[in-house]
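Taking our numbering, the leading residue of the sequence shown gets -5, the next gets one more, and so forth.
In short, the hints are calculated from the structure, not lab data.
A portion of the hints provided could be inaccurate.
[Claimed, not checked] 30 angstroms max Cα-Cα, derived DSS-like pairs, lysine-lysine:
hint, residue 1, residue 2
1, K6, K62
2, K6, K55
3, K40, K294
4, K92, K21
5, K6, K21
6, K92, K40
7, K40, K62
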Amino acid sequence: MQPTDLIVTVIKDGARRFLLFSQVGGKEEKIELTERTTHALGELSKHLPQSLHEFHEQICKFPNRSHKSFWSELDAALYHLRSIGSEFIVNLVDRETKPRLYDIFASAFGIGDRRQNPARISLIVESTDLDLLSFPLELLPIMDPTNALGPIERVETDEQLARAVLRFPAFGAIVTRQIARAFDGRTELERCAEGRMPIKIIRNTGFYQKDNRRTTFSDAEWLGSQPQFVAEEPWPDHVIDAPSAVAMLGRCLHDPRFTLSREPEMRGYGDQIQHFSCHCTRHDDGSETLGLRDQEMEVKALGIKLASLGATFLDAGKREANSNDIAGPLIFLNACGSGAINPKGRLSLVELLLNWTPARAIVATETPVDFPLAARFARLVYEGLFAGLPLGRAMHRARWRFIDDEQLPFGLFYSLYGSSELRF
């Protein structure tokens, strides 16, 4: 296991909070989160999903790369991305502290091919500091503190695009987020069901439609066809109502040994993957809903409110990691904005799952995402896992596949919570 190059920790001294940047060689820099800084970062974080969505809309509407405007529009989008990350740095670090912090970055990241050998960055927060859990480390243009990549240049070629995105941890590092608590450190996703890996697929069938732009079809359909997995029937069906769905989903998330059925069976093993391919909607009042079934003819729409799901966890009682011998799953949330922390103070979906399920890792999106691209990204991550890569490296490879194949920095919309070392 490669050591972590940079650890960012939230620490406290009485009522004061700090971000502690620690480099593996021992260098540290502590930045106080003053009332002004906290307010500024909070405002930026509140608007981050919208800022990322604007960037998403830019890159997903690019013309064909043979079009004369392709590179100019891509360059403008990358300028927008640098602006988003730079604004966080400006509001976090003053002029006196910045040189010391960048000296730590230089020591942590060094000189090397960060595409082939990505750095490791961990963000660790206490359960009382979840407002910082989504601090966008991936978007900060900090990966070239020694200017080894040269000055920022206009992007007009594949090589210039690679240099441009390597400035961001999203492409030059593997970034993980964790809540500071004991968690299941086992790294193997187990083939514990007749030599195959048990998986649940929670999907909206509206995502099954084929896409004319790409040969990719639904990630949920693709997962169900893989011989390495033993999957329950994709869920939900066309008749289940919301109260029953909440109870069933809450039960199997809280304890992955349960099956998704009206009369649940507790198996002797737990899911190793729980994959979501559905809508996730945040409403104006801050509440969130998982859209698991669309209205169609005689079929009623099905949405699960996050508050209702949380209530099922409360009823079941909080489960501590490693409370039994069942290894927790990877939860892949291929649902719009499923990783975005709620600026209105309510628990977001990813926070709820981190706090109340035995998941060893969660992959989630930070903004609404284009479905065909999201389906392809999920497939690329699983293909990396099939090839023997740990989860963090599989995500890193998937991000670069989008750069190589489509010149799209699409993979930065996904964040990793928990262990980056999970592997098949």
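Practice task
Could you grab the alpha-carbon distance between K40 and K62 and see if it respects the 30 angstroms cut-off?
Solution key: Since the Cα atoms of K40 and K62 sit roughly 36 angstroms apart, the hinted pair is violated (cutoff 30 angstroms).
Exercise for the section: Would you mind confirming whether the straight-line C-alpha gap from K40 to K294 stays at or under 30 angstroms? Expected result: violated, 33 angstroms
Exercise for the section: With a cut-off of 30 angstroms on the C-alpha distance, tell me whether K6 and K55 pass. Expected result: With Cα atoms ~44 angstroms apart, K6 and K55 exceed 30 angstroms; violated.
Handout entry: Given hint K62 paired with K6 - CA-CA distance at most 30 angstroms
Key = Distance of about 53 angstroms is beyond 30 angstroms: violated.
Problem - Pairwise hint evaluation, K21 against K6, where the allowed Cα distance is 30 angstroms at most - result: holds, 19 angstroms
Handout entry: 30 angstroms limit on alpha-carbon distance, applied to hinted pair K92 and K40
Key = The given pair, whose Cα atoms are some 24 angstroms apart, holds under the 30 angstroms limit.
Exercise for the section: With a cut-off of 30 angstroms on the C-alpha distance, tell me whether K92 and K21 pass. Expected result: holds, 14 angstroms
Hints 1, 2, 3, 7 from the list above are not met by this structure, while the remaining hints are.
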